[in-house]
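With chain A's structure known, arrange chain B on it following the hints.
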Amino acid sequence: MIFCQLKYHAWLRVSATPVLVLLSSLGLFAADNPPQVTLDASKASPRSVETLTQRAIIRDYKFAWTSLDSALESNSAGPLSGLFAGTANTWLREEISSQQSSGITSHYLNQHHKLEAVFYAPVGDVIELHDTAEYDFEIHDGGKTIHSEHAIVRYVVLMTPGADRWVIRQLQAVLQF
Amino acid sequence: MSLSINTACKNPSASSILVVGIFICVTMIAAAQDAPLRVPSNAVAGQAASISTTGSGSATFYLRGPSISLKRDVQLGQTIDLTVKQLQAAGRYVAVLCAGDCSSAAFFVASGKPAVLTFLVHPSRAPVGSNDVISGVALPFDQFRNLILAPETIQFQLTPKGSAPTLRSVPTHDGVAWFRTGSGKSAGALQISASLSDIVARRVVQQVASDPCNLRIKGQRTAKGILVETEPVRDCSGNPVPDGTIVTFTAKNGQDVSFVDAPVKQDVARAILAAKGPVVVSAASGVATGNELRLGGQE
Numbered sequence: 004m005i006f007c008q009l010k011y012h013a014w015l016r017v018s019a020t021p022v023l024v025l026l027s028s029l030g031l032f033a034a035d036n037p038p039q040v041t042l043d044a045s046k047a048s049p050r051s052v053e054t055l056t057q058r059a060i061i062r063d064y065k066f067a068w069t070s071l072d073s074a075l076e077s078n079s080a081g082p083l084s085g086l087f088a089g090t091a092n093t094w095l096r097e098e099i100s101s102q103q104s105s106g107i108t109s110h111y112l113n114q115h116h117k118l119e120a121v122f123y124a125p126v127g128d129v130i131e132l133h134d135t136a137e138y139d140f141e142i143h144d145g146g147k148t149i150h151s152e153h154a155i156v157r158y159v160v161l162m163t164p165g166a167d168r169w170v171i172r173q174l175q176a177v178l179q180f
Numbered sequence: 005m006s007l008s009i010n011t012a013c014k015n016p017s018a019s020s021i022l023v024v025g026i027f028i029c030v031t032m033i034a035a036a037q038d039a040p041l042r043v044p045s046n047a048v049a050g051q052a053a054s055i056s057t058t059g060s061g062s063a064t065f066y067l068r069g070p071s072i073s074l075k076r077d078v079q080l081g082q083t084i085d086l087t088v089k090q091l092q093a094a095g096r097y098v099a100v101l102c103a104g105d106c107s108s109a110a111f112f113v114a115s116g117k118p119a120v121l122t123f124l125v126h127p128s129r130a131p132v133g134s135n136d137v138i139s140g141v142a143l144p145f146d147q148f149r150n151l152i153l154a155p156e157t158i159q160f161q162l163t164p165k166g167s168a169p170t171l172r173s174v175p176t177h178d179g180v181a182w183f184r185t186g187s188g189k190s191a192g193a194l195q196i197s198a199s200l201s202d203i204v205a206r207r208v209v210q211q212v213a214s215d216p217c218n219l220r221i222k223g224q225r226t227a228k229g230i231l232v233e234t235e236p237v238r239d240c241s242g243n244p245v246p247d248g249t250i251v252t253f254t255a256k257n258g259q260d261v262s263f264v265d266a267p268v269k270q271d272v273a274r275a276i277l278a279a280k281g282p283v284v285v286s287a288a289s290g291v292a293t294g295n296e297l298r299l300g301g302q303e
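Chains as they are written, first to last, in this note's numbering: chain A, 4 to 180; chain B, 5 to 303.
Extracted from the complex, chain A is given alone in its bound form (with noise of 0.2 Å):
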């Protein structure tokens, strides 16, 4: 009996592995993984994208979307500092002020960008990216999840490099490109 009892816990086990995996892929289970970002500049023009500057965009572009989700998330604006310029620095604050005011948090999970780039200044000095961004999407209103989802949402990015990073100053979700 205790053999069999034993097997038993053992096929739950086996058998709780497809649906944790299903119950994530649902976005009911969701894990907290950090941004997934790729970078396609072959077509970015009139300048052609540097592969330092490449890289440089997808490190910042991938550590600002995961302070969006810490300041959102944690209704502080402190991780957005440095990051974000402008109207996207204007638009993010406000929304971490009313999510106070509200008592809302909202949360970005599994996160995964592929970012195009369709225009960069013959100086170099501006970026239009486009990102198709594919992330679950929490809201919640003290303990209580009002909302969740698993959402595609195009974005389109303008960065700009500051003294030691590039920084965004619009991110803009659009129907289509």
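Among the hints, a few may not be true.
[Unchecked claim] Dumping the calculated SDA-like pairs for lysine to any residue here, alpha-carbon to alpha-carbon at most 20 Å:
hint	chain 1	residue 1	chain 2	residue 2
1	A	LYS147	B	VAL137
2	B	LYS189	B	VAL137
3	B	LYS75	A	LYS65
4	A	LYS65	A	LYS147
5	A	LYS117	B	GLY242
6	A	LYS147	B	CYS102
[Unchecked claim] Covered stretches of chain A (chain B as the covering partner; in silico rule of three or more C-beta atoms under 8 Å from a C-beta of chain B):
hint	segment
7	36–42
8	54–68
9	95–101
10	109–120
11	172–179
For the record, the hints were derived by calculation from the structure and aren't laboratory data.
Only a predicted model underlies this, so the values are computations on that prediction, with no experimental measurement involved.
Beta carbons: idealized from backbone N, C-alpha and C, even for Gly.
Just chain B now, kept in the frame of chain A:
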């Protein structure tokens, strides 16, 4: 643990749990998609909109957008009005309605009409006679600083000092229009403007003389040494080079070589060389070299 042992002692209720779990998940997703709220289909930034609801009783409404997150109590079956301020940022919004269970729907807000033109021009100073040295990038935004992605035609106008303006019409692609051009032959201010309807952004590029060309020098012995000076230093287009441009004078006396750097001041560079005996003096600035000047010795 092998699968055959598990199968031998399998508890039938475990597979039932799995099936029921999947059923519950699918049911939840289906319920979430059946939202009792109708969101705007063509919302525009700067325009009020409304969300209609169905049912009866009270509920909690949430709106989460690019610059807003709000929560308010509403009555089901009534229309929820969204103000201009609540929809001023273009992007994706999620409306959530909770009355026991929560339902949600997403909608997009598009940019409004052009109101601002961001115009980036480089460089601020450009040497004359250079190809593709000046460039400009224009991006139209609406009054709330949303990038306008619908095609617009930007008029670029370039007006060199004392010359007729040239016009270029460039349509925006992905919200950007740009141009690149060479500098003119004459030094002076180049006025550049970008316009869209009645929105105009102006910039100025100062076209400056290029590198010196055809240096000519003259000199004479004085009590203090050899006084050498250039004729007015100009670039190859005849524009006087800016004050401060460095001219290097070189004096050779056999194996002895001495150098003096002198800045151009009011078109001319001057220096005194403390050389004795017969010397050969020459001058150079940038890649340009001047004539050689031979002066005899003097005790």
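Hints, one by one, checked against the model:
1. For the hint pairing LYS147/A with VAL137/B, the CA-to-CA distance comes to about 58 Å; that exceeds 20 Å, so the pair is violated.
2. Restraint check: the Cα-Cα separation between LYS189/B and VAL137/B comes to about 13 Å, which is no more than 20 Å; the hinted pair holds.
3. The hinted pair formed by LYS75/B and LYS65/A fails the criterion: a straight-line CA distance of about 30 Å is larger than 20 Å.
4. A distance of roughly 28 Å separates the Cα atoms of LYS65/A and LYS147/A; the hinted pair therefore is violated under the 20 Å criterion.
5. Annotation: proposed proximity of LYS117/A to GLY242/B is violated, straight-line Cα distance about 53 Å (limit 20 Å).
6. A C-alpha spacing of about 11 Å is found between LYS147/A and CYS102/B, which places the hinted pair at or below 20 Å, so the restraint holds.
7. Under the rule that three or more residues need a Cβ within less than 8 Å of chain B, the assignment of the segment 36–42 of chain A is violated, with 0 such residues.
8. With a cut-off of 8 Å between beta carbons, the segment 54–68 of chain A has 0 residues touching chain B; three or more are needed, and the interface restraint is violated.
9. Under a criterion of three residues with beta carbons nearer than 8 Å to beta carbons of chain B, the stated coverage of the segment 95–101 of chain A is upheld, 4 such residues being counted.
10. Check on the segment 109–120 of chain A: 1 of its residues sit with their Cβ under 8 Å from a Cβ of chain B, so the three-residue criterion for coverage is violated.
11. Here the segment 172–179 of chain A counts 6 residues with a CB under 8 Å from a CB of chain B, which clears the bar of 3, and the coverage holds.
Checked against the numbered hints above, the structure violates hints 1, 3, 4, 5, 7, 8, 10; every other hint is satisfied.
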